[in-house]
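With the hints as your guide, set chain U onto chain C.
Here the protein sequences line up with chains C and U, keeping their order. Each residue of the first sequence is one higher than the last, beginning at 3 in our numbering. Each residue of the second sequence is one higher than the last, beginning at 198 in our numbering.
Since the hints were made in silico from the structure, they are not lab data. Note that the structure is predicted; figures quoted are calculated from it, not measured. Just to be clear, a hint being listed does not mean it is correct.
[To be verified] In silico DSSO-like links for lysine-lysine, alpha-carbon gap of 27 Å or less:
(1) U:K246 / C:K44
(2) U:K246 / U:K266
(3) C:K68 / C:K44
(4) C:K22 / U:K297
(5) U:K297 / C:K66
(6) U:K246 / U:K265
(7) C:K68 / U:K297
(8) C:K44 / U:K297
(9) U:K307 / C:K44
(10) U:K307 / U:K265
(11) C:K22 / C:K68
(12) C:K16 / C:K44
[Stated by the list, open to error] Partial list, computed: chain U residues near chain C (C-beta under 7 Å):
(13) G240
(14) L241
(15) Y296
(16) F300
(17) T302
(18) G303
[To be verified] Here are some chain U residues the structure puts well away from chain C; computed CB gaps all over 10 Å:
(19) V216
(20) S223
(21) T274
Note that CB positions come from ideal geometry on N, CA and C, so glycine has one too.
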Amino acid sequence: GAVVSQHPSRVICKSGTSVKIECRSLDFQATTMFWYRQFPKKSLMLMATSNEGSKATYEQGVEKDKFLINHASLTLSTLTVTSAHPEDSSFYICSARGERWENTIYFGEGSWLTVV
Amino acid sequence: AQSVTQLGSHVSVSEGALVLLRCNYSSSVPPYLFWYVQYPNQGLQLLLKYTTGATLVKGINGFEAEFKKSETSFHLTKPSAHMSDAAEYFCAVSGVGTYKYIFGTGTRLKVLA
Numbered sequence: 003g004a005v006v007s008q009h010p011s012r013v014i015c016k017s018g019t020s021v022k023i024e025c026r027s028l029d030f031q032a033t034t035m036f037w038y039r040q041f042p043k044k045s046l047m048l049m050a051t052s053n054e055g056s057k058a059t060y061e062q063g064v065e066k067d068k069f070l071i072n073h074a075s076l077t078l079s080t081l082t083v084t085s086a087h088p089e090d091s092s093f094y095i096c097s098a099r100g101e102r103w104e105n106t107i108y109f110g111e112g113s114w115l116t117v118v
Numbered sequence: 198a199q200s201v202t203q204l205g206s207h208v209s210v211s212e213g214a215l216v217l218l219r220c221n222y223s224s225s226v227p228p229y230l231f232w233y234v235q236y237p238n239q240g241l242q243l244l245l246k247y248t249t250g251a252t253l254v255k256g257i258n259g260f261e262a263e264f265k266k267s268e269t270s271f272h273l274t275k276p277s278a279h280m281s282d283a284a285e286y287f288c289a290v291s292g293v294g295t296y297k298y299i300f301g302t303g304t305r306l307k308v309l310a
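Pulled out of the complex, with its shape left as it was, chain C reads as follows (with noise of 0.2 Å):
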């Protein structure tokens, strides 16, 4: 089946300092990626939709300066979280759709984010 892979599942940054975060679709072409964000005991929150090619998309209230997110290629999407802050602190989870998957979405196993 589908695997959408990420990397790292943790890392720890200091407070400034800037991480990226991957989303590789392992045995599919994803023509668009989608980046959530999930808080503690919360519901996930779409940041931005990621076209291969394209500008990312990004949902009211979600900084793109802060959220740099690139796509350069089918099987690869990137999210780089900028100056980071103790409140980026977060669970990352990206997803992933190939032409094939009739509208289903396939999720990576998403990326801890600590800011210290």
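Just chain U now, with coordinates in the frame of chain C:
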């Protein structure tokens, strides 16, 4: 606009008992509906989905859900709970032709021995 409401943030059942997790949605277009499960410190796993056709959908691990348009519901059930079912369950909705998922707030299922 679409939205999802999951009634009960926490549900406890005894092992072997019926599991019922409630999900109601609102959508101005025909919805696609999904249930995902999240185990601690893990990502989301698709349990089942409704797109078109049969309104009773069977998923993995013995779960099933029924799409009831008149009630705008998509409740998740399992006849007999197992300890391994303890997890967080999310209901989600999307519109036809769109892949943005709107998630409910989740229901944490606890299975008592």
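For each hint, the structure was consulted:
no., hint, verdict
1, U:K246 / C:K44, "holds, 22 Å"
2, U:K246 / U:K266, "holds, 15 Å"
3, C:K68 / C:K44, "holds, 22 Å"
4, C:K22 / U:K297, "holds, 23 Å"
5, U:K297 / C:K66, "holds, 18 Å"
6, U:K246 / U:K265, "holds, 13 Å"
7, C:K68 / U:K297, "holds, 21 Å"
8, C:K44 / U:K297, "holds, 18 Å"
9, U:K307 / C:K44, "holds, 17 Å"
10, U:K307 / U:K265, "holds, 26 Å"
11, C:K22 / C:K68, "holds, 12 Å"
12, C:K16 / C:K44, "holds, 25 Å"
13, G240, "holds, 4 Å"
14, L241, "holds, 4 Å"
15, Y296, "holds, 5 Å"
16, F300, "holds, 5 Å"
17, T302, "holds, 5 Å"
18, G303, "holds, 5 Å"
19, V216, "holds, 20 Å"
20, S223, "holds, 16 Å"
21, T274, "holds, 21 Å"
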